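Visitor: Chain residues, written in single-letter form:
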Amino acid sequence: MRPEVLLAFLAMAGVSYGIRVAGFLLASRMHEHPRLRAALDQLPAAILIALVVPLVARGGPAEWLAAALVAALAWFVDFLLVPLAAGVIAVVLLRGVL
Amino acid sequence: MTPFSKDADARAAFLAGALRCAPVALGVLAYGLVFGALAEQAGLSFGETAFMSAIVFSGSAQFVALGLWALPPPVLTLALATLLVNFRFFLMAATMARVLKGWPRLAVLAALPWVTDENWAITMAEGERRHWGAFFLGTGALLYVTWPAASLLGHTLGTIVADPKRWGFDFAFTAVFATLAVGLARKHRVPLVWIASAAGAFLADRLLAGSVLGGSAPVLVGGLAGALVAAAARPGDAS
Chain A
2 MRPEVLLAFL
12 AMAGVSYGIR
22 VAGFLLASRM
32 HEHPRLRAAL
42 DQLPAAILIA
52 LVVPLVARGG
62 PAEWLAAALV
72 AALAWFVDFL
82 LVPLAAGVIA
92 VVLLRGVL
Chain B
644 MTPFSKDADA
654 RAAFLAGALR
664 CAPVALGVLA
674 YGLVFGALAE
684 QAGLSFGETA
694 FMSAIVFSGS
704 AQFVALGLWA
714 LPPPVLTLAL
724 ATLLVNFRFF
734 LMAATMARVL
744 KGWPRLAVLA
754 ALPWVTDENW
764 AITMAEGERR
774 HWGAFFLGTG
784 ALLYVTWPAA
794 SLLGHTLGTI
804 VADPKRWGFD
814 FAFTAVFATL
824 AVGLARKHRV
834 PLVWIASAAG
844 AFLADRLLAG
854 SVLGGSAPVL
864 VGGLAGALVA
874 AAARPGDAS
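These protein sequence lines map, in sequence, to chains A and B. To convert a position in the first sequence, counted from 1, into this note's numbering, add 1. To convert a position in the second sequence, counted from 1, into this note's numbering, add 643.
No wet-lab data here; the hints were simulated from the structure. Keep in mind the model is a prediction, meaning the values are calculated, not measured. From the three backbone atoms N, C-alpha and C, an ideal C-beta is built for every residue, glycine too. Keep in mind that a hint or two might mislead.
Some chain A residues well away from chain B (every beta-carbon gap over 10 Å; in silico) [unchecked claim]:
id, residue
1, V53
2, P62
3, V98
Here are the simulated SDA-like pairs of lysine to any residue, each with C-alpha atoms no more than 20 Å apart in a straight line [claimed, not checked]:
id, chain 1, residue 1, chain 2, residue 2
4, B, K744, A, M31
5, B, K808, B, A673
6, B, K808, A, L70
7, B, K744, A, R38
8, B, K808, A, L94
9, B, K808, B, S703
10, B, K830, A, A73
11, B, K808, A, L66
12, B, K744, B, R654
13, B, K744, B, E771
14, B, K830, A, D79
15, B, K744, B, R773
16, B, K830, B, E769
17, B, K744, B, W757
18, B, K830, A, M31
19, B, K830, A, V78
20, B, K808, A, P62
21, B, K830, B, E771
22, B, K808, A, G60
23, B, K744, A, A23
All chains should be built: construct the whole structure from the sequences, respecting the hints.
Guide: This is the structure we're talking about:
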């Protein structure tokens, strides 16, 4: 393994790790305030929505319809594999049609 | 309570986490194959590809790094790009205090590298439970095996596997995140938070996509917008 390549990867790993440690430490230092507590409680849902919205928005009608199907299924079915499989199959079929 | 507990319940939670993460691991497998094929094209050796996937363990940063790849590697550029692309992990790690509650500091520091989009999402969607931390470790462990293994397989197979779009695999992560988001939304009905987050992410994606923040921008703006609305609403009052 080339040492300069190793160094580059170590730098990337160190940065990724530092970000996580900083986020964790900051949050665990200051969770007493009720408003901050409310913000942290809702942060997971907010992040998840923020992850999925651009993914869907960047697609076309096939992705939009498939995403709507996934969301509808996910509301009624608790088992992740069902909406996931339905979504992947739907997007392949819809891309062929639309 | 610690990850190293001999408690059978903790072990069961660990296995439950790995199992719950299995469908997602299929998507990670598909992307790992693609990453390995591209790494081989970029001139990385088998060992370097394995080392990178094992130590960086972040799909988005690794794909970006291949885009910036040169010899000798531009170390500062790569580090800076990683910082920007992965800044969303700052927010995700901030939510981990509840999951790893009561853990000794060293155990927390050992667990934090496993905070990635997919298994973090599974852990949050699971919600508070007994041995939540062990559950999280289970989700992380499965992906930590899958991602490097898939990278190496892709490196070996080469470009045969480099088109995930053909099988709809590019939609897998959209479907996973959408499913988990709906699951969380069903538990906590806070429409104002959803709207703020979705609007923030959409606008950031449109306006800041080409900016230095790149892939992290929507998550940072949307996540913070949602959290701010939650803080502004009366604490305890769900919307």
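Visitor: It remains to establish, for every hint, whether it holds in the given structure.
Guide: These are the hints, each one checked on the structure:
{"no.": "1", "hint": "V53", "result": "violated (4 Å)"}
{"no.": "2", "hint": "P62", "result": "holds (13 Å)"}
{"no.": "3", "hint": "V98", "result": "holds (13 Å)"}
{"no.": "4", "hint": "B:K744 / A:M31", "result": "holds (14 Å)"}
{"no.": "5", "hint": "B:K808 / B:A673", "result": "holds (10 Å)"}
{"no.": "6", "hint": "B:K808 / A:L70", "result": "holds (19 Å)"}
{"no.": "7", "hint": "B:K744 / A:R38", "result": "holds (15 Å)"}
{"no.": "8", "hint": "B:K808 / A:L94", "result": "holds (12 Å)"}
{"no.": "9", "hint": "B:K808 / B:S703", "result": "holds (17 Å)"}
{"no.": "10", "hint": "B:K830 / A:A73", "result": "holds (15 Å)"}
{"no.": "11", "hint": "B:K808 / A:L66", "result": "holds (17 Å)"}
{"no.": "12", "hint": "B:K744 / B:R654", "result": "holds (17 Å)"}
{"no.": "13", "hint": "B:K744 / B:E771", "result": "holds (11 Å)"}
{"no.": "14", "hint": "B:K830 / A:D79", "result": "holds (12 Å)"}
{"no.": "15", "hint": "B:K744 / B:R773", "result": "holds (11 Å)"}
{"no.": "16", "hint": "B:K830 / B:E769", "result": "holds (11 Å)"}
{"no.": "17", "hint": "B:K744 / B:W757", "result": "holds (16 Å)"}
{"no.": "18", "hint": "B:K830 / A:M31", "result": "violated (25 Å)"}
{"no.": "19", "hint": "B:K830 / A:V78", "result": "holds (13 Å)"}
{"no.": "20", "hint": "B:K808 / A:P62", "result": "holds (16 Å)"}
{"no.": "21", "hint": "B:K830 / B:E771", "result": "holds (12 Å)"}
{"no.": "22", "hint": "B:K808 / A:G60", "result": "holds (12 Å)"}
{"no.": "23", "hint": "B:K744 / A:A23", "result": "holds (17 Å)"}
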